[in-house]
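Generate coordinates for the entire structure from the input sequences, incorporating the hints supplied.
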Amino acid sequence: MALQSLDIIRRSATTTPTPQVRAPATTEVAKLIDVSKCIGCKACQVACMEWNDLRDEVGTNVGAYQNPHDLTENSWTLMRFAEYENPKGDLEWLIRKDGCMHCADPGCLKACPSPGAIVQYANGIVDFHEENCIGCGYCISGCPFDVPRLSKRDNKVYKCTLCSDRVAVGLEPACVKACPTGAIVFGTKGDMKDHAEERIADLKSRGFDQAGLYDPEGVGGTHVMYVLHHADKPEIYCDLPANPRISPMVRLWKGATKPLALGVMALTALAGFLHYIRVGRNETHASDEAAAQREMEKAHE
Amino acid sequence: MNDESERRDTIVRYSAGDRTNHWVVAICFLLLALSGLALFHPAMFWLSNLFGGGTWTRILHPFIGVVMFVAFILLSMRVWSDNRMSERDWQWLKQWREVIGNREENVPEAGRYNGGQKLLFFVLVLCMLGLLVSGFVIWRPYFAPYFPVGLARLAATLHAICAFAMICAIIIHVYAGIWVKGSVSAMTRGTVTPGWAWKHHRAWFRDMIRRGP
Chain U
1 MALQSLDIIR
11 RSATTTPTPQ
21 VRAPATTEVA
31 KLIDVSKCIG
41 CKACQVACME
51 WNDLRDEVGT
61 NVGAYQNPHD
71 LTENSWTLMR
81 FAEYENPKGD
91 LEWLIRKDGC
101 MHCADPGCLK
111 ACPSPGAIVQ
121 YANGIVDFHE
131 ENCIGCGYCI
141 SGCPFDVPRL
151 SKRDNKVYKC
161 TLCSDRVAVG
171 LEPACVKACP
181 TGAIVFGTKG
191 DMKDHAEERI
201 ADLKSRGFDQ
211 AGLYDPEGVG
221 GTHVMYVLHH
231 ADKPEIYCDL
241 PANPRISPMV
251 RLWKGATKPL
261 ALGVMALTAL
271 AGFLHYIRVG
281 RNETHASDEA
291 AAQREMEKAH
301 E
Chain W
302 MNDESERRDT
312 IVRYSAGDRT
322 NHWVVAICFL
332 LLALSGLALF
342 HPAMFWLSNL
352 FGGGTWTRIL
362 HPFIGVVMFV
372 AFILLSMRVW
382 SDNRMSERDW
392 QWLKQWREVI
402 GNREENVPEA
412 GRYNGGQKLL
422 FFVLVLCMLG
432 LLVSGFVIWR
442 PYFAPYFPVG
452 LARLAATLHA
462 ICAFAMICAI
472 IIHVYAGIWV
482 KGSVSAMTRG
492 TVTPGWAWKH
502 HRAWFRDMIR
512 RGP
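Protein chains in written order, with the numbering used here: chain U, 1 to 301; chain W, 302 to 514.
Everything labelled a hint here was simulated from the structure, so no lab data went into it.
A few of these clues could be false.
Label pairs and their calculated CB-CB ranges [unchecked claim]:
no.	chain 1	residue 1	chain 2	residue 2	range
1	U	Thr181	W	Pro446	29 to 37 Å
2	U	Leu6	W	Val368	42 to 50 Å
3	U	Glu83	W	Leu375	54 to 62 Å
4	U	Ala271	W	Val485	15 to 23 Å
5	W	Ala317	U	Ile277	29 to 37 Å
6	W	Leu430	U	Ile39	17 to 25 Å
7	W	Phe444	U	Leu54	25 to 33 Å
8	W	Val450	U	Glu198	33 to 41 Å
9	U	Ala286	W	Thr321	29 to 37 Å
10	W	Leu430	U	Glu83	39 to 47 Å
11	U	Leu91	W	Pro446	30 to 38 Å
12	W	Thr489	U	Glu295	21 to 29 Å
13	U	Ile277	W	Arg511	33 to 41 Å
14	W	Arg385	U	Glu57	52 to 60 Å
Glycine residues also receive a C-beta, built at the ideal position from the N, C-alpha and C atoms.
Put into structure tokens, the structure is as follows:
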């Protein structure tokens, strides 16, 4: 059992129990990103690159701080910069660290057809095992947050691991370690919610009436949460979805349809077999040949 | 002498070209159904071993799909004119209970294809089109990046539904070939006996003898 985590609670395309003998005493973990404390320094992006040995292409400047322009197979986290004009007419610079949200009900895992390419650990981290990835991109369709990226080099899908390798040995994720303002914190999900409460109370006392926690129920909650000063309008933070959930289309495709369709196909074949042994074959008899001969002779007369 | 008379007494139903075309579609379909089912349900994933693993299954499936579509288009051009639904065919379909009960005496006579075969043909045409269009939308890495994710979700679902309908339709098609004796050799040797033609496709049989040898 060398190098096995033994705490896998969900495994893609697997219908039998997963190895989950270990129950971590820390229960579920979470990363809390306090958007109101973020200064947009991108230390988290750099730390992510360094820890994971990733180097993205140097892009082009299009007149905004956001760089690269989008998540890629080499950029698993990205500071998104929104210039928001509030109802009072003032500018607010809303900076959101984007990346995998580590959903409790992960759409990527639900959509994945390859056994063990996506797993969810007992601590809540959703991890891709790229050795098992077949490059179909179904996880991209399954994700409500538009996070997984297909590599152009190897046709495998990559995303934030929540530094599962660091967390497994008791370290916090690299981005958390690098953040100079304490905008990113990491701990048990319960502790992070408590910490968020304090931050929200503080923000409310400063006039942000709608401050709140982003831990969307539609995906069963997430293991990356945000403290937002405008929790009533998550869209203003570079299109953070207000009510994310696995698309009904994906649920239909990957839900009841699968066993139902397989069952109907098997029944169709079974119906054929039963018909064959009950009603029997449809054969051409000598009388049919004789009737045909008579007509042919008549035609040739 | 016996060989001679057997040859003289058969009717050609499918030319070598028809048969080749049909079997190209059939082989492609078999490969597509096996590889598609591997990606459809975890219980079927082991089928991906037939193609060299999950990644090869994902790579090969769409290319085989394109070959099947092109071959099917050619096949459908060969048989399209014989598959126009008529009043007689609808009546044939209404009497499906008698057909599957092997009591065909009062069932309307069929042309080159009966109502069931024509229905199958149009189900296949629809499924093939649905599979082609939805398949391109979810074909990674080449085409999928050009479509929005909402469309990819819809396409994946549509692809699964069309494939399901087509697999069921083909199971019926294959079974009908096994059930109605003489049909498989029509598609392997190309010929049928006059009695077979008279019994199952009487209008076509009369057409054939009217035209003469």
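Subject >> Hint check against the structure, violated hint numbers in rising order >> reply: 6
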